[in-house]
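Enquirer: So the chains spell out like this:
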Amino acid sequence: MAEPLSLPRLLPSGDSAITVEFSRTIDDTANRRVLALDRVIAAEPIAGITETVPTYRSLLVHYDPVQITFDALGEQLLARAAKAPPTEGGTRRWRIPITYGGEHGIDLEDVAKALQTTPDEIVARHAAGDYRVAMIGFTPGWSYLSGLDKFLHIPRRKEPRLVTPAGTISIGGIQTGVQCLAGPSGWHLLGRTPVRTYQLHRDPTFLLEPGDAVSFTAVDAKTFAEQDRAAEAGEFIAELVAP
Amino acid sequence: MSKLVVTSIGPASSVQDGGRPGSQRYGLTPSGAMDRLSLAAANTLVGNEPFAAAVEIGPFGATFTARGGAVRVGLAGASRNAEIGGRPIAFDSSATLADGETLNLGFARGGSFSYLAIEHGIEGEPMFGSLAVNARAGLGSPYPRPLQSGDELKTKAASGAAERRIELPAATDAPIRIVFGPQGDEFTVENKQLFLDSEWKISATSDRMGYRLEGAVIKHRDGHNIVSDGTVNGSIQVPGNGQPIVLMPDRGTSGGYPKIATVITADLGRFAQTSAGRPFRFKAVTMAEAQAEAIKFHALLHSLPDRLRGIDDFGLNIEALRDANVAGQAVSAVDVSTWQVALP
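Going line by line, the protein sequences match chains A and B. Sequential numbering from 1 applies to the first sequence in my numbering. Sequential numbering from 1 applies to the second sequence in my numbering.
With the rest of the complex left out, here is chain A (with noise of 0.2 Å):
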């Protein structure tokens, strides 16, 4: 017989959010129940709650405390935790491509030098990695995938960058994840995608879901500079494959 599911905490975020928090660490068990959890609220409204917005480890639930007490929300959250079973949605793959190294990846040499190892190395064994989107947050279509090589795991730069270009792939701590704006980061640049995973007036607007299931693709620079022009216009989105 299947253990017993563990109870999140509720942890107030204001009087008008509840956090349901699954677990303090990264791990993958947590990030799905936190995804199903999710599912089952969608499947199952409660009323009062306005938006969802899942993370790696906790699902931060906004409500309108005209509608529904802080308690009354948390009993039945904590009801829907109890029989959301943990298990994936339809999942979808997509095939991202990425020019590691020279200016789009100016972090490679210094991170195959601080991991002792070579360029090719580093390009080898993140291209290799089979990945999942644990979360979608800080800026529009920023996604930060789970699964990274533990060869790769590295702590973030001392100083982050205040500017970082749009599309930059970028590996911290035990994560890597997919920038869409330039903005500010304190991760390892290895490279640059020319998939933009939100762009306005483009059907659809956000390109990844959390629970997507994500592989890379080395492409030269010359490949991603015509791919990057054609996505500009909106003729080059990414490739959806088969699970």
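If you're looking for bench data, these hints aren't it; they were derived computationally from the structure. Please read these numbers as outputs of a predicted model, since none were measured by experiment. Just so it is clear, CB atoms sit at the ideal spot from N, CA and C, and this is done for glycine as well. Treat the hints loosely; a few may be bogus.
[Unchecked claim] From the derived model, a few chain B residues whose C-beta atoms are all more than 12 Å from chain A: (1) V5; (2) K259; (3) D306.
[As the list claims (entries may be wrong)] Computed list of lysine to aspartate or glutamate pairs in EDC-like fashion (alpha-carbon distance at most 20 Å, straight line): (4) A:K113 with A:E103; (5) A:K158 with B:D222; (6) B:K296 with A:D71; (7) B:K201 with B:D173; (8) A:K222 with A:D120; (9) B:K296 with A:D64.
[Unchecked claim] Covered by chain B, according to a simulated footprint, are these stretches of chain A (three or more residues, beta-carbon under 8 Å): (10) 12 to 21; (11) 96 to 106.
Add chain B to chain A, keeping to what the hints say.
Expert: Frame of chain A, contents of chain B only:
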């Protein structure tokens, strides 16, 4: 077609409305007005929906000129010297610019943001149901960026309706109320008490993403890194240097610093109006109190149409006029030249 042309404007001024909730799961922050009550009051003055798009004007002055016809406006939020063609205009009231007339607004006093609503609203293309400017994401209409001189805000001609003023609850200097959490247990009892006992000031480097606080150094129990989780308007995160940052409507949707507490909904707008450099304190309340205040705040927002008065029904308005225009050029004690805006 009437329009209001921006003839001069300082930084930190943009078109804002009720925001665009609903896509935080994709990293898209809601944005929207820093002070929702003042936005709603300005809109109510000219008969708009409470959270229609209006101009959110930062601490510096601004001028607007009507072109192509008369334009009727409602003014609320941080008060300023205001005049149209030499006629003094009180805050918390509506006024009409004839074609070619200019509205002059001085520096903000006793607050940071004023709201200029335009009767019939601002014409623009909603994105995710909102005109609110979020420059980082390239969103906002009619311009996806802060306003600049020369920008045009298109609208329909003024109706000629009688001008109104609106009676709002008196301003208060009471402490900003918070509830502890979601990571309150990452801090010792002593450090939570220090957070409540300290006098805080808002740094001049604050912006629509976050207000940086200057005061005590709040220490973490076990270091300052947590696995990123979701944020809300009013989340008070404490980074490694122990100086809290209160997250505002342009915040990131997730963050990796422990959040000691959250500003209650009813006090978010009042907190946003706190001028840089002005001392204030926090006060902890229970969840039940915070939720009761949220319900009262909701009722206040819905009571705004009942708070409209005729412009000639002076009463307190004489004082408001004197305050706005006769008391001289006193501006807030902050050196506004240091008020920086973090551009994306």
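Enquirer: If a hint holds in the structure, say so; if it does not, say that too.
Expert: These are the hints, each one checked on the structure:
no. : hint               : result
1   : V5                 : 27 Å, holds
2   : K259               : 8 Å, violated
3   : D306               : 18 Å, holds
4   : A:K113 with A:E103 : 17 Å, holds
5   : A:K158 with B:D222 : 19 Å, holds
6   : B:K296 with A:D71  : 19 Å, holds
7   : B:K201 with B:D173 : 14 Å, holds
8   : A:K222 with A:D120 : 19 Å, holds
9   : B:K296 with A:D64  : 13 Å, holds
10  : 12 to 21           : holds (count 8)
11  : 96 to 106          : violated (count 0)
Consistency with the previously given hints fails for numbers 2 and 11, ordered from lowest to highest.
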